[in-house]
Amino acid sequence: MAAEKRSRPPRQKKERIPRQEMPVRPPEERIRDFNEVACGFTEELALTEAKRCLQCPTHPCVGGCPVSIDIPGFIHLVTEGDFIGAAHKIKETNLLPAVCGRVCPQEEQCEQVCVVAKIDKPVGIGRLERFVADYEREQGAVELPEIAPPSGKKVAVVGSGPSGITVAYELLQAGHQVTIFEALHTLGGVLVYGIPEFRLPKSIVAAEIETIKKMGAEIKLDMLIGKTRTIDQLMEEDGFDAVFIGTGAGLPMFLNIPGENLNGISSANEFLTRVNLMKAYREEYVTPVKVGKRVAVIGAGNVAMDAARSAKRVGGEDTEVSIIYRRARDQMPARAEEIHHAEEEGIIFNLLTNPVRFIGDDKNNVQQVECIKMELGEPDESGRRRPIPIEGSEHIIPADTVIVALGTRPRRFIAETTPDLKTSKWGTFLADEETGKTTKKGVFAGGDIVTGSATVIKAMGAGRAAAKAINEYLAGS
Amino acid sequence: MYKIVKKKVLAPKITRFTVEAPEVARARKPGQFVVIRAEETGERVPLTIVDSDSEKGTIDVIVQEAGFSTHDICCFQEGDAFLDVLGPLGKPTHIENFGTVVCIGGGVGIAVLYPIAKGLKEAGNTVITINGARNKELVILEEELEKVSDELIITTDDGSYGIKGFGSTVLQGLIDEGRKIDFVVAIGPTIMMKVVAEVTRPYKIPTIASLNAIMIDGTGMCGVCRVTVGDEVKFACVDGPEFDAHLVNFDEQIAKHHYYDHEQACQMEKIIAAAEQERS
Ligand SMILES: Cc1cc2nc3c(=O)[nH]c(=O)nc-3n(C[C@H](O)[C@H](O)[C@H](O)COP(=O)(O)OP(=O)(O)OC[C@H]3O[C@@H](n4cnc5c(N)ncnc54)[C@H](O)[C@@H]3O)c2cc1C
Ligand SMILES: Cc1cc2nc3c(=O)[nH]c(=O)nc-3n(C[C@H](O)[C@H](O)[C@H](O)COP(=O)(O)OP(=O)(O)OC[C@H]3O[C@@H](n4cnc5c(N)ncnc54)[C@H](O)[C@@H]3O)c2cc1C
Ligand code: SF4
Ligand code: SF4
Ligand code: FES
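Chains as they are written, first to last, in numbering that gives the first Met the number 0: chain A, 0 to 476; chain B, 0 to 279.
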């Protein structure tokens, strides 16, 4: 008997939902101001995007997030329309979701390992995170976490970047008394002086930081530890039981080529500090910022993109801004999205080009950058093909403003005044990755001061790990 | 907030403030400075700590109105408060017993010079101070300097007080007289420090200058205060403000001071316009 060949009913093929794009303001409009470029999801877009999550039992996305946010958990709440519940879920492990949702390199972290990415574009985890955090804040529904009874212990947190803020948040929850020491006049570290307003509005950073103030953190601004007070004084004279150091990597690197001290040549830190921290783009603020007609930005990381796009906004439409980078396009370290936005805004890319000297006029103002063409040779230690100068290819690029964005290193105030804190030859603190323990008892460190320039969320991850270790240390002391 | 407990106008456009800043007062050493941000919209302005009282928790600064921000600071009154005072910044002056030292200051540089002269005197040096000003009205800290100097010479550009002429000429005179000078500290307008460096160079008299580089943060983060010293680039706020005057590229510093002239002039125009409006 021949098996009856039954035709199977056609499988109900679920329409696959495409990844929802986040609305973005058109380039010609956004280069006229410093308002945010990306507008965020609407409720509808968020609901649709959330449906793309498969709620997989193995949820690899969680492992891809340095602070292990319960991603399927919060996305599930979004599908139910409980946006505030979703925000609270995220805040169990991440104090700054509105920040991370905006600046995290999601494509290399949570979204890279998302199961959906195997067949389609990954779930827009970052966009959803941003949406629920914004929703919570706009609804005024920000809740303070529960705080344990006072432990009687005092902890000093040095530096108020993402790592320091995270440590403070966790330790306050555990009932410890926390004092934050910050050298600048505003809390937030790179989030306030580096990353520009159009990518991360400062009011959002302030709102997220407000939580730790409400939780009772004592804030001491204008305190440069290593100068105003030393680590030893904090521990021996001021009665702190433990110290966390999250002072970042704030020292700008230069090319060290002739003419680099001419007027009009600044580090990206200087340029961005003038614009962001000192709000030079706003009429009522007096700090000057100057952008000529031709701007050259040296480097191609996130910082270079931020500097280039800020320069375009300060200089105006007829200001020509170019990136000068010694390697090739696919070696640029900036996030793809940032490069894309920069291109849309008319930033020019001079790739495989390396500056050799700067040339000024009789007033010592920079006028030209002499560059040399590069070609790619064998791969170097970083695995990238090494750029080699092409002999005789020197040429001139006119520039009346130059911004050098070559990366940063830690400053040495603390290392110099705390001899038992050991550092590497680059000035980063030697600290245990899992616990943030340094070579000095009771002193922990994390973020860029340990890793060198990295990311916001890695700094926060390090902060969480250190807070856990500090809690254990304090329990045992 | 950092309360102003005392304000005193020393000379036209030169004002002394005593400000509550206990942490700074406790930590500061001669030669160090603070960065003051007077109000939310203000610039961060570097100013030398002239004196301090760690018991009262106060520091003194002397401000000369050079442009918009220093003018703004000088408008603050006793009882008001500055929004931010950060410090002490920079390396303290290296003080030891050199023997005979000449402290030569010009203009408001005298304010910066005073704590250093005091420190040098306390360390046992014979201190000759040359206090230069444009005219009699602008001579400041005469009494204080008198106390810490073995010899105080005052010069004015117009001869209205003391010796007529520049301090650097007096210094040259001392050298020509064959006075033994072991160390020179020069603080004042960049051009004056440059001239002093040229005076002492042929005699190889160790000379330091305190640079008034343009600064923003004052903590080594922005690099605007870069200065070429010999064949090295240093940050004045971290590695200075004092450097070997024979190695500093003063011309580069002078050029830097003119870079924002236009923007500063625009700010000043605003003040003048506001003042005129008030008058009418
Ligand atoms: C322009 C720019 C753009 C960036 N864009 C991105 C991005 O899109 N996504 C991303 O993930 N990362 C980005 N990064 C990197 C990211 O901002 C950093 O990795 C992160 O902020 C590091 O955090 P942190 O807590 O270690 O230190 P920081 O954020 O550097 O904070 C350190 C704080 O400590 C203070 N401090 C320093 N020394 C002392 C002292 N001695 N005493 C007291 N206080 C002190 C500083 O003033 C500062 O406030 C960017 C960085 C820059 C500069
Ligand atoms: C370490 C240090 C210590 C200082 N100590 C004192 C002090 O004790 N008393 C005092 O009155 N001043 C001091 N200065 C100088 C003071 O900081 C400047 O005069 C002030 O920043 C000028 O600001 P402004 O807005 O009023 O003038 P601006 O409008 O900015 O400038 C007016 C003129 O001053 C020049 N200028 C700008 N910035 C500086 C600067 N940082 N230093 C010198 N000239 C500048 C400009 O080129 C311009 O020609 C010090 C500077 C440094 C770096
Ligand atoms: S914090 Fe960053 S890595 Fe973690 S889930 Fe959010 S976007 Fe992804
Ligand atoms: S891996 Fe992707 S699909 Fe799976 S739970 Fe995480 S976000 Fe959802
Ligand atoms: S003032 Fe910014 S580095 Fe010196």
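Derived from the structure by calculation, the hints contain no laboratory data. Warning: the hint list may mix true and false statements.
[Stated by the list, open to error] Each computed DSBU-like pair below joins lysine-lysine, with the alpha-carbon atoms no more than 30 Å apart:
no.: 1; chain 1: A; residue 1: K292; chain 2: B; residue 2: K193
no.: 2; chain 1: B; residue 1: K2; chain 2: A; residue 2: K201
no.: 3; chain 1: B; residue 1: K179; chain 2: B; residue 2: K193
no.: 4; chain 1: B; residue 1: K7; chain 2: A; residue 2: K424
no.: 5; chain 1: A; residue 1: K440; chain 2: B; residue 2: K90
no.: 6; chain 1: B; residue 1: K203; chain 2: A; residue 2: K289
no.: 7; chain 1: A; residue 1: K421; chain 2: B; residue 2: K28
no.: 8; chain 1: A; residue 1: K421; chain 2: B; residue 2: K12
no.: 9; chain 1: B; residue 1: K135; chain 2: A; residue 2: K424
no.: 10; chain 1: A; residue 1: K278; chain 2: B; residue 2: K233
no.: 11; chain 1: A; residue 1: K289; chain 2: B; residue 2: K12
no.: 12; chain 1: B; residue 1: K6; chain 2: A; residue 2: K289
no.: 13; chain 1: A; residue 1: K439; chain 2: A; residue 2: K467
no.: 14; chain 1: B; residue 1: K255; chain 2: A; residue 2: K213
no.: 15; chain 1: B; residue 1: K269; chain 2: B; residue 2: K193
no.: 16; chain 1: A; residue 1: K153; chain 2: B; residue 2: K193
no.: 17; chain 1: A; residue 1: K201; chain 2: B; residue 2: K135
no.: 18; chain 1: B; residue 1: K6; chain 2: B; residue 2: K179
no.: 19; chain 1: B; residue 1: K5; chain 2: A; residue 2: K421
no.: 20; chain 1: B; residue 1: K179; chain 2: A; residue 2: K439
no.: 21; chain 1: A; residue 1: K212; chain 2: A; residue 2: K440
no.: 22; chain 1: B; residue 1: K233; chain 2: A; residue 2: K362
no.: 23; chain 1: A; residue 1: K292; chain 2: B; residue 2: K7
no.: 24; chain 1: A; residue 1: K212; chain 2: B; residue 2: K28
no.: 25; chain 1: A; residue 1: K424; chain 2: A; residue 2: K436
no.: 26; chain 1: A; residue 1: K219; chain 2: B; residue 2: K135
no.: 27; chain 1: A; residue 1: K289; chain 2: B; residue 2: K233
no.: 28; chain 1: B; residue 1: K203; chain 2: A; residue 2: K278
[Claimed, not checked] The following label-pair restraints were derived from C-beta to C-beta distances:
no.: 29; chain 1: B; residue 1: A264; chain 2: A; residue 2: A147; range: 55 to 61 Å
no.: 30; chain 1: A; residue 1: E432; chain 2: B; residue 2: R200; range: 48 to 54 Å
no.: 31; chain 1: B; residue 1: D52; chain 2: A; residue 2: E343; range: 56 to 62 Å
Ideal Cβ placement from N, Cα and C applies to all residues, glycine included.
Results for each hint:
no.	hint	verdict
1	K292(A) to K193(B)	violated (34 Å)
2	K2(B) to K201(A)	holds (28 Å)
3	K179(B) to K193(B)	holds (22 Å)
4	K7(B) to K424(A)	violated (49 Å)
5	K440(A) to K90(B)	holds (28 Å)
6	K203(B) to K289(A)	violated (41 Å)
7	K421(A) to K28(B)	holds (27 Å)
8	K421(A) to K12(B)	violated (48 Å)
9	K135(B) to K424(A)	violated (54 Å)
10	K278(A) to K233(B)	holds (27 Å)
11	K289(A) to K12(B)	holds (28 Å)
12	K6(B) to K289(A)	violated (34 Å)
13	K439(A) to K467(A)	holds (17 Å)
14	K255(B) to K213(A)	violated (44 Å)
15	K269(B) to K193(B)	violated (33 Å)
16	K153(A) to K193(B)	violated (51 Å)
17	K201(A) to K135(B)	violated (50 Å)
18	K6(B) to K179(B)	violated (40 Å)
19	K5(B) to K421(A)	violated (44 Å)
20	K179(B) to K439(A)	violated (49 Å)
21	K212(A) to K440(A)	holds (28 Å)
22	K233(B) to K362(A)	holds (21 Å)
23	K292(A) to K7(B)	violated (45 Å)
24	K212(A) to K28(B)	violated (33 Å)
25	K424(A) to K436(A)	holds (19 Å)
26	K219(A) to K135(B)	violated (43 Å)
27	K289(A) to K233(B)	holds (23 Å)
28	K203(B) to K278(A)	violated (46 Å)
29	A264(B) to A147(A): 55 to 61 Å	holds (58 Å)
30	E432(A) to R200(B): 48 to 54 Å	holds (53 Å)
31	D52(B) to E343(A): 56 to 62 Å	holds (58 Å)
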